[in-house]
Structure formats: C-alpha cells, structure tokens
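Okay, here's what each chain looks like letter by letter:
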Amino acid sequence: MAAFLDAKTNDRLTALGTPAAVGWSEDARLDAVTRLRTTGLPDRRDEYWKYTRPDAFTAPAATAAAAAEFEGFAGVDALTITFVDGVFDADASDDFALEGIEIERLATSDVDIHWAKDLYGVLETNGQTPVSRPLAALNTAYATDGLIIRVTGEVSKPISVVYLQKSDASDAILHHVVKVDAGASATILEAGPVAARANTVMEIDIADNATFNHLRLQGRDHEQATLTHTFTRLGNESAFKSFTLTANGTLTRNEAIIEMNGDDASAHVAGAALGDGGDFNHDDTVFVTHDALNGESRQVFKKVLRNGATGIFQGKILVKEGAQKTDGYQISQSLLLDDDAQFYAKPELEIYADDVACSHGSTTGAIDDHALYYLRSRGVPKAQAEDMLVLSFLAEAVDEIADEDLQDFILGKLETWLADR
Amino acid sequence: MDDVQVKDGVDAETVEAVQSLSGTYKHGWETEIEMEYAPKGVNPDIVRLISEKNDEPEWMTEWRLAAFERWMQLKEPTWAMVDYPEIDFQDIFYYARPKSMEEKPKSLDEVDPKLLETYAKLGIPLKEQALLAGVEAPEEERKVAVDAVFDSVSLGTTFQDELKKAGVIFCSISEAIREHPELVRQYLGTVVPVSDNFYATLNSAVFSDGSFVYIPPNTKCPMELSTYFRINAENTGQFERTLIIADKGSYVSYLEGCTAPKRDTAQLHAAVVEIVILEDAEVKYSTVQNWFPGDEDGKGGIYNFVTKRADCRGDRAKVMWTQVETGSAVTWKYPSCILRGDDSQGEFYSIAIANNMQQADTGTKMIHLGKNTKSRIVSKGISAGKAQNTYRGQVTMHPKAKESRNYTQCDSLLIGDKCGAHTVPYIEVKNNSSRVEHEATTSKVDDDQLFYCRARGMDEEEAVALVVNGFCKEVLQALPMEFAMEAQALVAISLEGSVG
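Going line by line, the protein sequences match chains A and B. Numbering-wise, the first sequence is residues 1 to 421 according to my numbering. Numbering-wise, the second sequence is residues 1 to 500 according to my numbering.
Chain B on its own, in the form it takes in the complex (with noise of 0.2 Å):
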C-alpha cells in the first residue's frame, strides 16, 4: 500500500484502516479435525465413490457419470477479466469429510464439539439460535434454521420439526436424494442444466453435499433458512449444490453466508445454486460471501466459480438476489433470473468488494421471457488496493416479452489508484413495447457531496463515511434483517474501513 497514492478526501486514518485490513483474515484459522479423503484429481471412479459415499441411487450415479463425461470436452471459460494461475483439476481432493462423521450423528448433541465450536467462531451458535429461536424468542422475532455444511458434508440440520409441521423439506441434498427422490428428479439440473458451463458441469459430476429445500404450496416458510459454508481442509475442492422449489404461492427467505480458514494456496470451491418458482411463489436469497480472499500479495484465496440461476416458472413469480461478495481471490459469479411466467419479477442487488490483489467478475442475467415481466438491477462495485472489479451482466427481452421492464444501474467507487472497475453490461431488445434502462457510473468519493457535508459540520472521516454508506444502502436495505448485521459488519470492514 505503500505506493498508492492517496487522493484528496481520503485521509491517513483511512489509509491506516485500509493497511490493518491487509492479511488479517479475522475467519483464518482452521479446525483440528481428522479428514477422510478420496484420492486427488477426477475420473468416472471417483465420481462413482462421491455417489456411493452418500448412498445415491443408480439414476444419480448416471446422472453425475453423464455430467463427468460432458465435463470432459468442455474448456474452461477465458471470457472473465480474471486472471489466475492454471488450475490443475487432477491435484484436487474432490471428496473430503471430518471423520468423525463416518457414523452419522443422531442429534446435534453427538457432533463433534470441535466442529460446533467452529461455528461458534463463525457466530452462528447452532443450539443457541434453537433456544433464542426455537423456545425463547418472542413470537414476532424470526427464526433462523441452519443446514450447516462442514466442508463436504452436512451436519446438524436444526429445527426440522417445525418446518416439518409447516411441510418444509430443508435438508441436505444427499438426503433429499435419498428421501424425496421424485422432487429431486423432477427439478434436478433443469434450471442449470447438466451441460450449462464448465463449472456447473463439474459440479453435477462431482458435489459432494448442498442443500435442498421445498415450499408446499401457499405455504410461507415460518423461518428464514440459512446455510453456512466452510471450507476446512487444504486443497479440498468445494461443490456444493442447492436446489430450492418452490411451490404454487409459497414463499421462502434464504440465507447463505460463509467465511473460510486462511491457507496458503489457492482453493477451487464451484457451486451451483438453482431456485424454481412456480406460480404465485416468492423466493428471496441473500448471500454475503467472505472466503479468505488472500493476503496482500495476493497469496492464497479462493477461486471462487459460482453458478447461481433462479427460473420463475409460473405467473407472477418473484425472485430477489441479494449478494455481498467481499471475500475470494478470484470471483466468478451471476445469479440470473429467467423470467418465463407472465407478470414474473426479478431482482439483483449486489455490493462487491474487491481489495488488496482480490479480483471479482459477477453480475446478473435477467432473461425475459414472458409477458409484462419486470427486472431491477442495482449493483455497487468497490475496488481498492491492487483489486480488479468487473459488473458483467445481461439483459434480453425476448420478441414475445411485451410490455416488459428493466432498470438497471451499476455504480462502481474507485479508492486509490492501483484498481480498476470495470462495467460489461450487454442489452438485448427484441421487441418494442418493453422499456430497458441502463445506467453506470464510476466514480470516486464525490467532492462535492463530501464538501456538502463538511459545511454542515461533519468531520472528512464522518463525511466519507456517510458518502460510502450511501452508495451501499440501497443493497444493504434488501437484505433480510438476519443478515443485515452480519453484512454491515463485513461492509463496516472491507467498505467503510478503506475510505473513512
């Protein structure tokens, strides 16, 4: 940090704030657990032992093989304004898990206490949350049930009798495998197809766990789900898959955040999220993502490939995106809408923030496709240090999308002189009675408003503060209230931390 030159209206304390930030990982450490590994690197036999690790039926055996076998000829993608060494998918352990977890546990109270230690750390007190939620809290105070996911596989899994009384599936998806295989055939890989890209075809050959969630009909989910993922050991690679239904007017509000260990190379973790919505339903998912993003040299981090996609099937379904993506070397992520049923809405609100050597490349896709569909897209992209930040993003009205609407705008904040923004939006309009707004800025730390402030009395630091926080609110407003605190600590940290 030495050499960057600071701007006007970035004062010393800033610089000093941004420079305690550099390598302190506050979520680097990692849990002495003993690890069951399979072999490094990929092939049919592996695929075949993750699948016969988590008792899989034949159908899902072949299924992942034929995914193995399509993953095979692809390449991966260039098209991202990333750059990171060569990945080599053979020196990668593709399953590993705790090995305490060999036998499964028959209640939380038979988990490893090294392993609910570890999300205490994170802040997420599995039994706590049960008694403030579950018996304590005041009935008006939401409730907060975690699919913990320990590196490959998944843990305890709280408040499943209260969902289960509401006719909420949330579990694992090796179980939803096992236990509802129908829902799990019928929508598996039909939002992200099998053959979608590179990483979402190396995940359905080889995730190991993830989470699976169904909202019956007109049913809205008494709590909000959350899911935290973790990546424990060294060179593990993290698959995680989630699938999310849901049902003719339900509703659901889903939670996933997560923090991982300092090491020092680099980790591949490549996810795939899918959310159906059928008529009437509403699902909203809200992620703050803070992976170790390496140290200041940009040693270490993880790569982070995340194909995230939510399809409004039925009439007037709505889906919101909510992403606070500050962690990661190397971010590669866009969670779309597909905007099929009439009336269906869909939203993104995203801050990124990249810092030090961290480089994030992620938007959205809004996909419209039926009629009288509308989309928002509201992203903050904040680069520092040495960081690269790119908003890519789409939006198409098909012919048959009348009457649609799209607004998006993409603000990007620039501190200090050694990063870049970067704004790759493509707009695709076929049809002349939809209405499609687009708008960008980039920008630093506006003088004027900080003049603005200043003359009413606020001190530089107070005022950039205000200024940068802001920029942000409109993003940080969309998140579900559990979370709000959680990503205002982050922002607190990575934004307000680096300009005042």
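Next up, chain A with everything else stripped away, as it sits in the complex (with noise of 0.2 Å):
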C-alpha cells in the first residue's frame, strides 16, 4: 500500500466512505479499496490518459448535468430492466423470469456464498495489469447495485437494460457480472444516459462454445459524463461481439478489455460515434489480449465530428508468447466534418509470437471531395450526400453487429440521428 494518498483519491475515497458489505462481494470490495489506494486515480499526466482528462471522474462530486429524455432499443421486443439515477425501478422493469438466464441484483443478492463471487472484481482485477485502471477498481469497491447474470442456455430474447435519468446531479456506480455458460448464448442491450456521471463496469464470463453480445446505445444531447469499461474473458471457440453507437453528449469513455483466454475464440468490439460541438470528447480505449491459440480479434472504431468535437481512440493488440495463429485485426478512422474537429489515436501492438497476423490501419481526414461530387453531379443534394457518405463510412462498424434486425434497427437510428442534427 503506498504510503501517501494523493489529495485526489484521498478526496474521493472520503467522499465514498467505507464499501458497503453486501455478504459474497465484501472481501473484492475491500481488496479493490486496497489496490485503489495503492495506484491512486489517474491524472491527465498518466500516459493511459493521454488524450482524455479524467477529472470529471476523479472529482468527489459529479457535475450537474440536465436530466436528458434518451429512447433506447424501443420497439425490440426484450427484457426490460430499468435503473433510474443507478437505482433500480421495480415498476419499469419486466419479471426477470425467463427461460435460458437468471437474473439477480447485485444489492439483493445478499447471500454468503454465490457463484458471482469468482467473477465479481476478479475480471476487473486481471485487467489491471499492465495497465493499471483505478476508476474500475473504485466501481468493485462502491458499486451500489447492478445485474447478476447467468445464462445456461439459448435465450429466447435480448436483455434491455435501461438507464434513465431524473435528477440532474445523478452519480451512478453500477457493476454487472455476466456468465455464460458452456454453449449458451445470450445478447444485452444498454441504453441510455444513467445519470450527471456514470462508472459503470460490466465482467463478462464466456465460456467454451458460448456466445455473447452486447449493443450499447450512449449519449444524443446530454451533458453527461459517462465511464465504461467491460472485462471481457473468452474460453475455446466462445464468441463476443460488441458494438457502441454514441451521438453527441459530453464526455464518453469506453474501455474494453479482452482476455483471449481459450483457443480458436473470437472477440470483435466495435464502436460508431457521431460527434458535434466543443464539448464532445468521445473516448474508445481497447485492449486485446491473446493467450491461447487460433483466436481472432476485430476492433472497428469509426468516428464523426464536427464544430470542435475531439475524437480518441486507444486501442491495443497483445500477443502472449505462444499465441500462435492468432489473427488481429484493428481499424480506427474518423471523418473531420469541419476544421475545428480533432482526432488523436494511438494505435498499438505489442507481438511476442511469430506465427501471427497482426494488422492496424488508422486514417483521418475530411469527406472525401471526389465522392461527394459524384454524387452530386448525379443530382443529391449537398447534405443528403453527406449525410450518405457518412453512413457508409460507418458501415463497417455497424457491420459488426451480430443480429441483422438490430443492425437494421441502428443503421435507422443513426439515419434518424443524421437527419435531426
């Protein structure tokens, strides 16, 4: 434990006070307190946090920000969960019964000894290393509630999670624990802006032949201040995709964590961002780890920005020693729609088995002008165009998303979302 606590944490964490022991997740929450006081939170002079100051994260209180209305996965027919503020609401939530999962909460599931237990935080913890991420630890240690999730089967339908927001100085810190099960398979949806500032963590267990998905809708108008991260662990020939639309907002960080765990498994995370305004910073921090044979990666990040919106992606590629045959494969572009818009990557390998194809591409620049003359030549308006090109900019993304019907249902949530910008 280090000796001298920073001012910062030290502010926060006496801000937070002592974990609450809620029976199996104590021991992870003290040991997460433990670990956070040694690395402290980060600072803008951290190297992971480069690009993105993480003070509106680290700060004691979180700032205001106007309750935003946000229409998620309606219209897909799921399980709905809704959490408003971070706290759950038994009224706008469905029965959890349903064939193929169970479902618990992480503030009720009070028992001493529960499966969660070697999952809770320990994800979390692997993904510290080599980069230390203080903020998720701070999530294991005072998250206030989130889903308990096992799928032992083939689900029927999509898991909605919802996070509204009501008050305007919301500070959510939500934690999921999702296991799937040998061969099972199951997809979530998250929608929603939680709350003024929102930590949430979710640790994703796949195991042998399982799939999972996740789709994720963020942002549209709000002021919010928004941190994820997903653990995710994959076991032989298990799959994981994830997908990310975000459209305007403030502050937006995505870290995904990959541990590649089993052979001939396949992870692809992906992320689509429509960016407006000065105070957009959107963030995608991606790291894939490769510790077993034959697995396949994909990291697709395509943004949009536009009137000083900044752009980050930080993604990295590592393959273990003895990793052979493994296949990664990672893209970021953004498109500039005007002069004041910025982009910062920092695209990364890090190779230590020979047999591999590793591959990076990342490209920054304006629309491009030959194309937008075809088109108009041929009689599209300007804008229409536009908006057109940027569509199929971002197809590659969009591709990525597992279930045609909610590929179709983003590709038309983002026609909606380019028309009314």
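Worth flagging that the hints you see were computed from the coordinates, not collected in a lab. Every residue, glycine too, gets a C-beta built ideally from N, C-alpha and C.
Think about it this way: if two alpha-carbon atoms lie no more than 25 Å apart in a straight line, the pair counts; the simulated BS3-like pairs of lysine-lysine are:
id, chain 1, residue 1, chain 2, residue 2
1, B, K418, A, K320
2, B, K386, A, K325
3, A, K50, B, K365
4, A, K50, B, K75
5, B, K400, A, K50
6, B, K418, A, K325
7, B, K284, B, K371
8, B, K75, B, K365
9, B, K374, B, K284
10, B, K165, B, K284
11, B, K402, A, K382
12, B, K220, B, K374
13, A, K320, B, K386
14, B, K220, B, K165
Here's a subset of chain A near chain B, in silico, CB distances under 7 Å, partners left out:
id, residue
15, A345
16, E348
17, D354
Hints are included, so try docking the two chains, each in its own frame, into the full complex.
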C-alpha cells in the first residue's frame, strides 16, 4: 500500500466512505479499495489518460447535468430492466423470469456464497495489468447495484437494460456480472444516459462454445460524463461481439478489456460515434490480450466529428508468447467534417509470437471531395450526399453487429440522428 | 538458439546462418592506442575541462554548464520498451582521446598509422578514397568526404579544398566553434533545445566532438559528406554533436555510419544531431548503425540513446532520414522532422533489425506546422532470436497545417517464437483538410508469397530471400549509392542470414 495517498484519491475515497458490506462481494470490495489506494486515481499525466481528462471521474462530486430524455431500444422485443439515476426501478422493469437465463440484482443478492464471487472484481483485477485502471477498481469497491446474470441456455430474446436519468446531480456506480455457461448464448442491450456522472463496469465470462453479444446506445444531446469498462474473458471456441453507438453528448470513455484465454475464440469490438460541438469528447480505449491459439480479434472504430468535437482511440493488441495463429485486426478512422474537429489515435501492437497476422490501420481526413462531387453530379443535394457518405463510412462498424434486425435498428437510428442533427 | 522453435519456411540452413552470426561481431576488435582520459564521472569541472580541451570560447563553456545544471534536474526516461541495467552516470569517462592526438596533426600523413589502419578495417581508407574520388575518378562518380571521428576527437578531414571552393564548411564541431562561432551560436541548440530530453541535455553539457556542416545558399554540395563514428576505449561515453545547416536553396547528402569494437561492459552513446533547413533547401541524412550489439547472451553492447531532429524552417524545405539500424544492445532513437515551412516535406525510411538479446525502440516524429506539408514514414522492423523491436512514432497535424498529408507504413517481421515486435504510433489531427493514413502489419514471412515463388521453381531459400528482400526494398532504395553497398552487406548479414 502506498504510504502516501494523493489528495485527489483521498478526497474521492473520503466522499465515498466505506464500501457497503454486501455478503459475498465484501472481500472483493475491500480488496479493490486496497488496490485503489495503491495506484491512486489517474490524472492527466498518466500516459493512459493522455488524451482525455479524467478529472470529471475523479472529482469527489459529480458535475450537475440536465436530465435528458432518451429513446433506447424502443420497439425491440426484449426483457426490460430499468435503472433510474442508477437505482433499480421495479415498476419500469419486466419480471426477471426468462428461460435460459437467471437474473439477480447485486444490491439484493446478499447470501454469503454465490457463484458470482468467482467473477465479481476478478476479471477487473486481471485487467489491471499491464495498465492500471483505478476507476474500475473504484467501481468494484463502491458499486451500489448491478445485475448478476447467468446464462445457462439459449435465450430467446435480448435483455434490455435501460438507464434513465431524472436527477441533475445523480452519480451512479453500477457493476454487472455476466456468466455465460458452456454452449449458451445471450444478447444484452444497454441504452440511456445513466446519470449526470456514471461509472459502469460489466464483467463477462464466456465459457467454451458460448456466445455473447453486447449492444449499447449512448449519448444524444446530453451533458453527462460516462465511463464504462467491459472486462471480457473468452473460453475455447467462444464468441463475443460488442457494438456501441454514441451520438453527441459530452464526455464518454468506453474501455473494453478482452482476454482471449481459450483457443479458437473470436472477439469483435466496434463503435460508431457522431460528435457535434466542442464539449464532445469521445474516447474508445481497447486492450485485447491473446493468450491462446488461433484467436481472432477485430477492433473497428469510426468517428464522425464536427464543431470542435474530439475523438480518441487507444487500441492495443497484445499477443503473448505462444499465442500462435492469432489474427488480430484493428481499424480506427475518423471523418472530420470541419476544421475544428480533432482526432487522436494510439493504435498499438505488442507481439511476442511469430506465426501471427496482426495489422492496424488508422486514417483521418475530410469527406472525399470526389465522392461528394460524384453524388452531387447525380442530383443528390449536398446535405443528403454528406449523410450518405457518413453512413457508408460508419457501415463497417455497424456490420460488426451480429443480429441483422439489430443492425437495421442501429442503421435506422443513425439515419434519424443524422436527419435531425 | 537451440530451444527456439523454427517455423515452416525457415530451413535448417537459416538457423545455422543465424547461429553463426550470434556472438561473432565482424568489427569487434580494438586498436591499441594510448588514451588520454579525464577522470570518471561528470560534474561542472569535467564540463569545463572538456570545453577547455576543445579550446572553446567562454559562451560555449557557459552553454555547457547551463545544460549540465539542467541535466541534474532531469530524470532518465523510462517509457521506451527497453530494459537495461541502471546506468551509473558517474562511472563513465566523459572524455577520452588518443594520446597521439595531443598535438594536432598537420595532415593525414601525420596521423598515427594505427588509426588509419582502423579506418581501413572499417572499409574507409581515407587516402584511397581521396585518390579514387578526388583524382582518378571519372567526373560523374560521386565523391565522399570523410570527417572521421575516432572516439572523441575529430581526426583528419578530407576534401577540404574542394569543399572550400564550393563554400561548404565541413569540419569538426569543435573547430566550427572556434572558426565559425557566429554560425554555431545562431543555430546550436535551436532544433534540439538544451532542455529537450535527458540524453540530449547530457550531450549538450559534455559533447566532446562531432561534425559541423554549412552549405551556403544555392549550393549543391559537390560530394556526399560522411562521418564515421567509432567508440574505441572501454567505458568511454561517446557524446557526439552534429550540426548541419542547409542555407536557402542548397542541397547536401550526409552519410553516417558506425561500428564499434567488441567489449564486455556496456557502453553509452548519446548523440545529438541537429539539422536546420532553410527555404528550398534539401538534406538527406543516411545512417548505417552497427555498434556492437552484445553477444548472444546480451552481454556487452552499446547503449545508443540518440536525439536526431531536422527543422524545415523555410518554405519548401525537404528532409529525408534513412536509417539501417542493425547494431547496439539498446537503441533509443527517433529522427524527427519539424515541418514548419509551408510546403515542406519530411521523409523517414527505416530498417531496424534486432537479433539475439538486442532491444530497439525507434521511430520518428512528424510535426506538421506549415500549410501543405507532406510526410512519409516507412518503417521495417525485423526481430529474431530473443530480441524486442519497437516502432514508436508520432504524427501531429497542427490546426494551421492545412492541406497536409501523412502516410505511415510500419511493417514488422518476426523470425522465431522468442522475439517480440511492437508498434506504438501516436496520431494527432487538429484540422480537417489534412489527411493522415497509418498502416501497420506484423507477420512472419508470408506463406502465400513463398508458395508463389516456389511454384515458379525457386527453392525455399531463394524464395525466402526474395520475400525478405522485398520486405525491405523500399528503404534500401532510399539509401544513397555510396551507402547502399554497406547497407546491403549489413542487411545481407543481419537479415538475409536470419531467414534464408
């Protein structure tokens, strides 16, 4: 433990007090506090926070943000679970019963021994090396609620987690644990502003031959500061797909930490972001570790930015010694619609195995004049032509969504968002 | 190497070739010449001594002392992916020169024959070159001037007369400080400021010698300029300082190559190269770096911490860095381009080969400040044995660098399953009329390409050689003719030997 705790960390911890003792998760929470005290909270000098200021997340109190309406996966047939300002809302939630899946809440699951004990804070701890993520440890220690989900079979419809915000000063810390048993499959949808400040963690353990899909909608004209971490561990021949669509909003940092532990596993993380305005700061930080044979990973991130919006991508593929036949791909692209938009990228490869094919690409630039000219010469009005080109630019990321209906849903969403921007 | 699993496509001969290279360093010998040392360690007195030994004016001594004071406040950087035992900066000689140099030779004839022999072994027989290039060579054959640096003191400088005719100044930096103080004062430390980084600051305080080049306006330097660096005495830190100024509309191609004798203890090398390029001028700077890499267990070898930067100050200025990095136990080197003038251009071509226990962390920075500036980065990293090879680069498009362009390609090739290849690029774009493209790949020798070659009747070894040659070709082609020979020989040894 560090002898000296920096003022920032001390203030934040003091404001949070002692973690609520919740039966089986208590050990993990206390351990997280210890780890947090050792690492301290991040500041701007941390290489890992080179491009996004962590201040909003490390401050003792949340900055007020006007409550925002949000239309998430309306119309999609799903089992809906609603949190308002980070607090579970039973009235707005469906009955948890559904074949092939067991759902509990972290706040009410107070038995002493629980299967989730082997997962809660465990994947998060694994994800702390080689780069420490103190804000995820903070989440493990202080999460007030979350879902404990066990997928035992093939689930007939997605679980839709809706995060509404009513209070301007809400500050939410939610921690979900998902265990997908061997051969099982499920889809989880997440949507909404969560709170004025949100820190959410999802730990996902995907067993052999299992499949898990994750789809998320964020932003849309709000002022919230959102930090998310997804920690995913993959078993043999398992598959994981995660896609996030973000539109406008203020500060968002999505971290995806993926451990490819089983052979022949496949993990795809993708994101499309539309940013408008100088407050928009969207940060995708991805760390994929290949530690097994024949793994396939894809990172596809696209951002369309204007009016001073800032986009950030930090992606890493780490191939450990012996992780032969790895196929790692990473692309980060941004379209800058005007001269004030900015894009920062740090796409990294760290490779210790020789029989691999890893590549990354990153491009930044304006809309292609020739393409625009082509469309306009065929009578398409300028704004519409731009929208078409933006959509086609984002398509590669949207393609990463597993389910075709959900793909169409997201495309529809994008079209509406583009139309009323 | 015995425990290294070899992949398909790399045959037994390849493995033998690699093994035969391990621990045998062709340039690993030492010339027995008496050395004159300053005491070990660094402090203001040593800084003053170095300054005094070089007959420097007061302002230069002050400049060094200011740098030293600054250095005392700096911490050694740790961000590079290199791992080496802590360096005791007080356990290094900061000044050493061959004793026979205490009295400056009037001409090359007076130089200790053993020194001349040293260069002959390195393949730069000064006099022969003088004959070849100066007298008997046909007109079109380009000439190479050598400002040979033996440890800390500049030895003989050839072709002075012809260069003088063109108005080109090519001399040791210590001579330049004495003879051309106005130029040195105007430009020294303006590209790599005294406070730039730990090693550059140390260099500013204790640099012993190096090269100085000034190309006057609208002059094409009549020959390619070349410096050979050599570290000769054990425990002697080598702190070279190079300053190149290309005045308006001028052109020069500068070659730097180095080998070092085999020693057991690691040696520190912290050089600084500054290049100032004014309007419409162009500088090509090519390096073949072959310092002693240490033996196959990682024992010995040079620690090479180099700061190289070119500042395209004028409009339409051009710089091209080409490097073939095959040596050193630890390489920490990022030749950079500041594209300040409108329409200026920067290029970086690099081959970095790391074998055995070598660690290379190298790359470039392209800082686009002016309008319509262009840069291109082509980096080829090859790792074999237990080596770690990292490309680290930065491309920044500042808000005012409208209509600028960058293209980056970094490819890594892995040979064997115990080595590592890493890519750490930073891309920062702050305007939308610029276009930045970055591509990186990591792979082993491509099976499809091998198959294609073999299907056309090549045997496996030829096929691998062809594929690997192709892998590096873009960079090899960027080297000037004079260097191509040595570079190809080096690549042939370090690279072709490794795979086929």
